[in-house]
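If you read the sequences in order, they're chains A and B.
Sequential numbering of the first sequence, starting at 1, is according to the UniProt record's numbering.
Sequential numbering of the second sequence, starting at 1, is according to the UniProt record's numbering.
The hints are simulated quantities; they were obtained by calculation from the structure and are not laboratory data.
The beta-carbon is built from N, C-alpha and C at its ideal position, and this holds for glycine as well.
Among the hints, a few may not be true.
[To be verified] Derived DSS-like pairs: lysine-lysine, alpha-carbon spacing no greater than 27 Å straight-line: (1) Lys201/A <-> Lys81/A; (2) Lys202/B <-> Lys296/B; (3) Lys296/B <-> Lys201/A; (4) Lys211/A <-> Lys296/B; (5) Lys199/A <-> Lys81/A; (6) Lys202/A <-> Lys81/A.
[Stated by the list, open to error] Interface residues of chain B toward chain A, partial, derived using beta-carbon atoms under 10 Å: (7) Thr42; (8) Val46; (9) Val131; (10) Leu145; (11) Val168; (12) Ile285.
Here are the chains, one letter per residue:
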Amino acid sequence: MSNILVCVKRVPDASGEVTLTPDGMGVDGRYSGYTTSNHEEAAVEIGVQVADATGGQVTVLSLGTEDSVEQLRSALAVGAKDGVLIEAEPDAYGPADIAEAIADVVRARAEAGTAYDLVLLGNDAADTGDFQVGIRLAYLLDRPVVTGIQTVTVDGDTAELRGDSGEGAEVYEVPLPAVVTVLEGGVNPRYPSVMGRMKAKKAPVETVSPKPPTVGSGRVALTVPPPPPTQVTILGEGPGAAAAVVETLKQLGVVPS
Amino acid sequence: MSLVIVEVEKGRAALVSRETLTFARGVEGAGELHALVLGDATDDVVADLAEQGVAVVHVAPSAPERYAAAAWATITEAALAASGDDLLLAAGTPRGNEVLAHVAARRGVPMAANVVSIASPSPLHVVRQVVGGAALEEMSLSGDLRVLTVAGHAVEPEAATAPGAATVTPIEATLGDRDLVAQVVRVEGKDGGDTSALTGAKVVVGAGRGAGGPDGFDEVIALADRLGGALGVSRVVTSLGWRPHHEQVGQTGSRISPDVYIPCGISGAIQHWAGCSSSRTIIAINTDPDAPMVTKATYAVIGDMHEVVPAILEALG
Numbered sequence: 001m002s003n004i005l006v007c008v009k010r011v012p013d014a015s016g017e018v019t020l021t022p023d024g025m026g027v028d029g030r031y032s033g034y035t036t037s038n039h040e041e042a043a044v045e046i047g048v049q050v051a052d053a054t055g056g057q058v059t060v061l062s063l064g065t066e067d068s069v070e071q072l073r074s075a076l077a078v079g080a081k082d083g084v085l086i087e088a089e090p091d092a093y094g095p096a097d098i099a100e101a102i103a104d105v106v107r108a109r110a111e112a113g114t115a116y117d118l119v120l121l122g123n124d125a126a127d128t129g130d131f132q133v134g135i136r137l138a139y140l141l142d143r144p145v146v147t148g149i150q151t152v153t154v155d156g157d158t159a160e161l162r163g164d165s166g167e168g169a170e171v172y173e174v175p176l177p178a179v180v181t182v183l184e185g186g187v188n189p190r191y192p193s194v195m196g197r198m199k200a201k202k203a204p205v206e207t208v209s210p211k212p213p214t215v216g217s218g219r220v221a222l223t224v225p226p227p228p229p230t231q232v233t234i235l236g237e238g239p240g241a242a243a244a245v246v247e248t249l250k251q252l253g254v255v256p257s
Numbered sequence: 001m002s003l004v005i006v007e008v009e010k011g012r013a014a015l016v017s018r019e020t021l022t023f024a025r026g027v028e029g030a031g032e033l034h035a036l037v038l039g040d041a042t043d044d045v046v047a048d049l050a051e052q053g054v055a056v057v058h059v060a061p062s063a064p065e066r067y068a069a070a071a072w073a074t075i076t077e078a079a080l081a082a083s084g085d086d087l088l089l090a091a092g093t094p095r096g097n098e099v100l101a102h103v104a105a106r107r108g109v110p111m112a113a114n115v116v117s118i119a120s121p122s123p124l125h126v127v128r129q130v131v132g133g134a135a136l137e138e139m140s141l142s143g144d145l146r147v148l149t150v151a152g153h154a155v156e157p158e159a160a161t162a163p164g165a166a167t168v169t170p171i172e173a174t175l176g177d178r179d180l181v182a183q184v185v186r187v188e189g190k191d192g193g194d195t196s197a198l199t200g201a202k203v204v205v206g207a208g209r210g211a212g213g214p215d216g217f218d219e220v221i222a223l224a225d226r227l228g229g230a231l232g233v234s235r236v237v238t239s240l241g242w243r244p245h246h247e248q249v250g251q252t253g254s255r256i257s258p259d260v261y262i263p264c265g266i267s268g269a270i271q272h273w274a275g276c277s278s279s280r281t282i283i284a285i286n287t288d289p290d291a292p293m294v295t296k297a298t299y300a301v302i303g304d305m306h307e308v309v310p311a312i313l314e315a316l317g
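Next comes chain B alone, as it looks inside the complex:
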C-alpha cells in the first residue's frame, strides 16, 4: 500500500499533488492508495482525493498551526504505521522533499528525489531528473520503505477509473520538542518576495540580458499586465541586480508551467530551460535565430525585444 503526502493550494489538492497521486496509481504493486493532507482537509480537498482514487484520507488534528518539517515527519510515520504502507510519495516541492527526507533519514532508507517514471517495478528502479533536468538517472530504490518525490509535470493528473472511498481518518501523533524546535515563527509580507503569482500564472512574459539594464523592463511588465500574466526573469538579470530574485525562473529560481511563456532576450541556457521547459507554448523574441530559446520554442520572432514588444502592445490596442 502507498501513502502520498498531499499539499493544499487555494482550498484544493495542489496540482503537483494530484499529479503525484496519478503517478502513484501507475506504480505496479502500489496497492491501496492513502493520502495524508498537509494542510486543511476541506470537503473540496477530500473530493479531489476521491476523484484520484484515494481510499483513506489521513488528517492530522494534532499538527502544529505553523509549519514544522520534523512534526510532519512524525505525523507521516504515524500514518505509515496505521496503514502499513511501504511506498511513500510526495510532490518534488520544497515541502515534499523536506518532509520525505526527514522520514527517510529517520528510517535509514534511501530517498529518490524528482522521479519522472518507473524503470522496473521489482526490484524498484526509478528514473529521476539530475543536473537540473539536463540528465536522467536510473536509480535502484531498496529498503522496507521506498521513499520518492515526483517531479512536476512527470504525468498529467487524471481521474481514477473508479473514485476512491476517501474515508477521512484522523491520525493521532504525539509531538515532542524535537518535532517543533525548527518551526516557522512568522511569515512576513509579500514584498519580501512573492513567487506564487509567477508559479501559478497562465501567461508569463520573460526577460533576460536583452533587457539591457534595470530600466529595460517597462515594456515586458506592460505586456505581462496586458495579458493578465506575470514577469519572470533569467538568472543573469537577478545576479546583476536588475530585478529581485523572486522573479527568477530557472534551476535555482522558480519552475513555471504557464499555458504561454513569452521569453524576451533570453538565450535559454540549461539554467533557465530547467525552470520553463514545462510551458505549454513558448513564443520567443530574440535577435539570435540560433539561440537555444528560439530553437526550442513553438513560435519565435527574430528581433530586438525593445522594438518587438512595444509593437505587440500597440497591436493589442
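This is chain A alone, in the form it adopts within the complex:
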C-alpha cells in the first residue's frame, strides 16, 4: 500500500497576456484566471494511478491563500482523498521555505499515522520556475529524489521511474520512501466525473499555518518585457506564395540556390 502526497500550486493562467499586480511584485491573475500547471496535473494523475494499483490513498497539498482550495478541489475531484492547505501568502515564501513547510506537514502526518511513501511535485512551478523545491524537500526528509519523471510504477518497496533524457527513456529504480518531480507527457490526466466533483465538495481539507519564511524568494522586481515590434514580411496568400517561400529558404541557405 502506497500513500502519496501530491503538491500543487495555484498559478495565474499565462496562456494569454501576462499582467502584473499594481505593486509590480506579482503576476495578476484576476482577469486571466488561475490554474494548476500541466506538470502538476500529471503528478496528480500518477499519484491516483499508483494509489489505485497499491490500495493506497492520495493527499493533495498546496501552499497558498485560501483561494488555493479551488486547486485542491480539482485534484480531489479526480481521485485524491483529502487535502492540506498550508495557508500563506505564496510570494513571501522562497523555494527553501516552501520545502520546509511541506516537510513539516509530512512529519506531522507521519506522527499522526499517515506515512507518505511517495511525495510528488511538478518539475518546476509554472510561475516562479525555481526547479528546486522537490530536491530541497528530499534533503529535509533524507529521502532519494529524482526529477523530470513521466511515469511511476510501484512494486513493493521500490518505485520504477521513467523520464526522457533526449536520447531515450532513462529508468531509475529507487527505494521508497522517495521524492519525485513530474514532467507532463507520460500520462493523460483524467477529467473529473460528476460523482468526482460531488465527492470533492465533501472531501476533508485540513488548513495548517506554516512557520514564517526565513529565506524568502529574493524577488526584487518583476517586469514584462514589451513584445518586439512587428517586423513581419508577408510573403503572400495561399498556395501562390510557395515560390516566395522557396526563394526565402534559398536566401537563408536552407535549400541550395
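Keeping the supplied structure of chain A fixed, place chain B upon it in accordance with the hints.
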C-alpha cells in the same frame, strides 16, 4: 573564482555550456574560471574550454558511469572545495538545474534558475526568466556560495580574448550510498521519445491545431524531411493525442533554437512561444493574419497549411 558545470554533446562542450562559460566571464568579480566536465573530457572538450578562457578543467575519474545527480553534486562540492570558488554556474538544462539544486540544498543557499543577465554585481542581483519566459524577475542572490543556472541563448558563445590554460585536474570524491541511491539503471530505446533530433535541428517544421487531426501531418513531415529538419508540434496536438509528447515544442515541451522555424497552423500562445522564441528566422503559415505567431514571425504566408505546404513541396521539386 567561479566554477561552471560543463555538459558534453557529441564529443564537444555543449553549446549551452559554452554560452554559460561566456556568461560567467561577463560577471564582474567572477575571477578565475574553472570548469567541471559532466561527461568525457576528451581533447576536443578541453580545447573548447581553453577557447572559453577556462584555467582549470576538473575531471572526475570516480564519477559513476550511469548518471546520478547526487553523485555529481558531491563531485561538484569537492571541486568547489579544491578551488575555493564562490560562484557556481551551469546551463539551465535538466541536468544543470538538478545538480545545482542538490548543491544549493546541501549548502543551504538560494539558487537562481534560468538567469539571463546580471542587474548588479555587488550585492549580486540577477535577472531571470519566470512564467515560462513571459516575465523577468530581478532577484537578489546572497550567501557565501552564489548558485545560478543560465537560460539558453542568454548570450552568444564567444571565445575569450586570451585562451585559458585549461589544466586538466582530477577531482577525487568519495561517493557514498546516498549519492548512488537514485541512479539511472538503464536507458531504453529511442522509440520511447527522442527529443535530441528536435532540439538539435537546424530546420524545424511545426504543426498545431491547424493540422486538423492525427492524419493531418503527412505534408509537414514531408516538408521537414525535404529540408533535412525535424517535426515539432504545439501542446494542443500532443494533449489531443494526435502526435507523441516528445515532439512538443513549448514551455512544457522542448525548447528549440533552429536557424529556420516554419510553424504551420500554430497560433503562437505563450506556452508555444516559450519553446520557439530562440529561432533565428520564423516563417509562419497561418490562416489568421492577426495570430501572435504571424505578428512575431520574420516572414509569413496567410493561408491554409494544407494548401500552402503541398505547394511549397511542389515548388521545391
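Here is what the structure says about each hint:
1. A threshold of 27 Å between alpha carbons decides the hint, and for Lys201/A with Lys81/A the separation of about 11 Å falls inside it, so the pair holds.
2. In summary, the hint linking Lys202/B to Lys296/B is supported, as the alpha carbons are separated by about 19 Å, within the 27 Å threshold.
3. Simply put, Lys296/B and Lys201/A have alpha-carbon atoms about 44 Å apart, too far for the 27 Å limit, and the pair is violated.
4. With a C-alpha separation of about 45 Å, the suggested pair Lys211/A and Lys296/B falls outside the 27 Å cut-off, and the hint is violated.
5. The suggested pairing of Lys199/A with Lys81/A holds, with an alpha-carbon distance near 9 Å, which does not exceed 27 Å.
6. In summary, the hint linking Lys202/A to Lys81/A is supported, as the alpha carbons are separated by about 10 Å, within the 27 Å threshold.
7. Look at Thr42/B: its Cβ only gets to about 18 Å from chain A, farther than 10 Å, so that hint breaks.
8. Interface restraint check: Val46/B against chain A, minimum CB-CB distance 23 Å, threshold 10 Å, status violated.
9. Interface restraint check: Val131/B against chain A, minimum CB-CB distance 5 Å, threshold 10 Å, status holds.
10. For Leu145/B, the suggested interface contact is broken, since its CB lies about 14 Å from the closest CB of chain A, more than 10 Å.
11. Of the supplied interface hints, the one on Val168/B is violated, with its beta-carbon coming no nearer than about 26 Å to a beta-carbon of chain A, more than 10 Å.
12. The interface hint given for Ile285/B is met, as the beta carbon of that residue sits about 8 Å from the closest beta carbon of chain A, less than 10 Å.
When held up to the earlier numbered hints, the structure conflicts with 3, 4, 7, 8, 10 and 11 and fits the remainder.
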